[in-house]
Amino acid sequence: MVEGKFKIPNDLNLYTTLTCGQAFRWGLYEEGNFKYAKLDKDGFIWAILYNNFLGLKQEKDNLYYKALSEYFYIPQIKKTLKIDEFLNFYFKFDKDIYQLYKIMEKDKVLKYALSYRGIRILRQEPFEISITFLFSAQNTVHNISKCVYLISKKFSKELYFPTPEFIANLKVEELLDLPVRFKERIYAIINFSNLVINGFDLYSLRHLSYENAHQKLISIKGIGRKIADCILLFSLDFDMAFPIDVHIKNVVFKFYADELKLRENKSLTDKDYRLISEFFRKKYLDWAGWVQQYLYVLSRKPDLKGG
DNA sequence: GTCCAGGGTGGCG
DNA sequence: CGCCACCATGGA
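Residue numbers 30 to 336, in the numbering used here, belong to the letters of the first sequence in order.
Calculated directly from the structure, the hints in this document are not laboratory data.
The reader is advised that the hints may include incorrect statements.
Straight-line distance between alpha carbons at most 27 Å, and here's what the computed BS3-like set of lysine-lysine pairs gives [stated by the list, open to error]:
| # | residue 1 | residue 2 |
| --- | --- | --- |
| 1 | K250 | K283 |
| 2 | K212 | K107 |
| 3 | K95 | K36 |
| 4 | K89 | K34 |
| 5 | K183 | K212 |
| 6 | K70 | K212 |
| 7 | K212 | K182 |
| 8 | K67 | K34 |
| 9 | K250 | K135 |
| 10 | K36 | K131 |
| 11 | K111 | K95 |
| 12 | K34 | K95 |
| 13 | K186 | K200 |
| 14 | K107 | K121 |
| 15 | K124 | K36 |
| 16 | K312 | K300 |
| 17 | K124 | K175 |
| 18 | K89 | K64 |
| 19 | K86 | K108 |
| 20 | K36 | K67 |
| 21 | K250 | K64 |
| 22 | K89 | K311 |
| 23 | K175 | K36 |
| 24 | K200 | K183 |
| 25 | K86 | K135 |
| 26 | K89 | K67 |
| 27 | K175 | K64 |
| 28 | K121 | K135 |
| 29 | K70 | K107 |
| 30 | K135 | K111 |
| 31 | K124 | K300 |
| 32 | K86 | K330 |
| 33 | K131 | K121 |
| 34 | K64 | K183 |
| 35 | K36 | K111 |
Just so you know, these numbers come straight off a predicted model, no measurement behind them.
Let's have the full structure, built from the sequences with the hints guiding it.
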């Protein structure tokens, strides 16, 4: 076990970043159990990621870490990173979030979300994120994290995230204990894993335009517009992706309806999804996905819903 | 008991 | 296009 201190190079709110619905592995690992978003007795929050076991704790501008190993293997770039380098990679510290704050101050709604400053979009592993968000349909953050925990438990004692080969070879019956809303989600993750082992290269989508990458993803069974945007934003560096779930939809219709000339329909139509998404993308470019995350956190706070 | 979570698909008018 | 039904859950 290695321990150390890392000087945070840009603004960060560690706890909110790790528990705001973009990552599902952070919490407290006990014997045969996992408690999402819970800290250990020393105030560290833990995750199994990139074939390592990492605990983090923030004190002002410092990140204290404990890790099983000093090295993290990043499969999508086929490189091993030392812990400092890894933290810069994972939290995208090369992106100067103060530029985002300047933008947010000018917006009537986003300025209120500045109270959550320090939320960053994480750079996560594409296959894991794809499977994770395939679990996410009409599901809760808590249950999604439980799905990820349980499927990792089936794969290895160390709780590493399964390989595509492992999931592809599972039978549906072996996955029915996962708390997904719809059984069809189980078929989707097995199908997706088969695509990957047969040569579908998620990471190569990064070379495409946003439009083309999104198009490729939604052509896959079980992945629609929203899950595609989550995969692009949370694992493939498409920071201009703007996923719209029910919370984002509500906050946009409440505060931006006039500006966007929106008329509320029974459900969010493809036309409106595209309209809203494009509006924020054109306005905020490579910060659109980050803006979306601040809106998401803001809209999930019950006391702020009134506006 | 009810309501709702980071949805997607297929089908009909 | 918009709307609908349907889909093996679990917590508040």
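Each hint tested on the structure:
{"no.": "1", "hint": "K250 to K283", "verdict": "violated (32 Å)"}
{"no.": "2", "hint": "K212 to K107", "verdict": "violated (34 Å)"}
{"no.": "3", "hint": "K95 to K36", "verdict": "holds (15 Å)"}
{"no.": "4", "hint": "K89 to K34", "verdict": "holds (12 Å)"}
{"no.": "5", "hint": "K183 to K212", "verdict": "holds (18 Å)"}
{"no.": "6", "hint": "K70 to K212", "verdict": "violated (37 Å)"}
{"no.": "7", "hint": "K212 to K182", "verdict": "holds (20 Å)"}
{"no.": "8", "hint": "K67 to K34", "verdict": "holds (21 Å)"}
{"no.": "9", "hint": "K250 to K135", "verdict": "violated (40 Å)"}
{"no.": "10", "hint": "K36 to K131", "verdict": "holds (23 Å)"}
{"no.": "11", "hint": "K111 to K95", "verdict": "holds (13 Å)"}
{"no.": "12", "hint": "K34 to K95", "verdict": "holds (9 Å)"}
{"no.": "13", "hint": "K186 to K200", "verdict": "holds (20 Å)"}
{"no.": "14", "hint": "K107 to K121", "verdict": "holds (18 Å)"}
{"no.": "15", "hint": "K124 to K36", "verdict": "holds (16 Å)"}
{"no.": "16", "hint": "K312 to K300", "verdict": "holds (18 Å)"}
{"no.": "17", "hint": "K124 to K175", "verdict": "violated (31 Å)"}
{"no.": "18", "hint": "K89 to K64", "verdict": "holds (25 Å)"}
{"no.": "19", "hint": "K86 to K108", "verdict": "holds (25 Å)"}
{"no.": "20", "hint": "K36 to K67", "verdict": "holds (24 Å)"}
{"no.": "21", "hint": "K250 to K64", "verdict": "violated (31 Å)"}
{"no.": "22", "hint": "K89 to K311", "verdict": "violated (34 Å)"}
{"no.": "23", "hint": "K175 to K36", "verdict": "violated (32 Å)"}
{"no.": "24", "hint": "K200 to K183", "verdict": "holds (12 Å)"}
{"no.": "25", "hint": "K86 to K135", "verdict": "violated (32 Å)"}
{"no.": "26", "hint": "K89 to K67", "verdict": "holds (20 Å)"}
{"no.": "27", "hint": "K175 to K64", "verdict": "holds (9 Å)"}
{"no.": "28", "hint": "K121 to K135", "verdict": "holds (24 Å)"}
{"no.": "29", "hint": "K70 to K107", "verdict": "violated (35 Å)"}
{"no.": "30", "hint": "K135 to K111", "verdict": "violated (39 Å)"}
{"no.": "31", "hint": "K124 to K300", "verdict": "violated (31 Å)"}
{"no.": "32", "hint": "K86 to K330", "verdict": "holds (24 Å)"}
{"no.": "33", "hint": "K131 to K121", "verdict": "holds (18 Å)"}
{"no.": "34", "hint": "K64 to K183", "verdict": "holds (17 Å)"}
{"no.": "35", "hint": "K36 to K111", "verdict": "holds (15 Å)"}
Violation of the numbered hints given earlier is confined to hints 1, 2, 6, 9, 17, 21, 22, 23, 25, 29, 30, 31; the remaining hints are satisfied by the structure.
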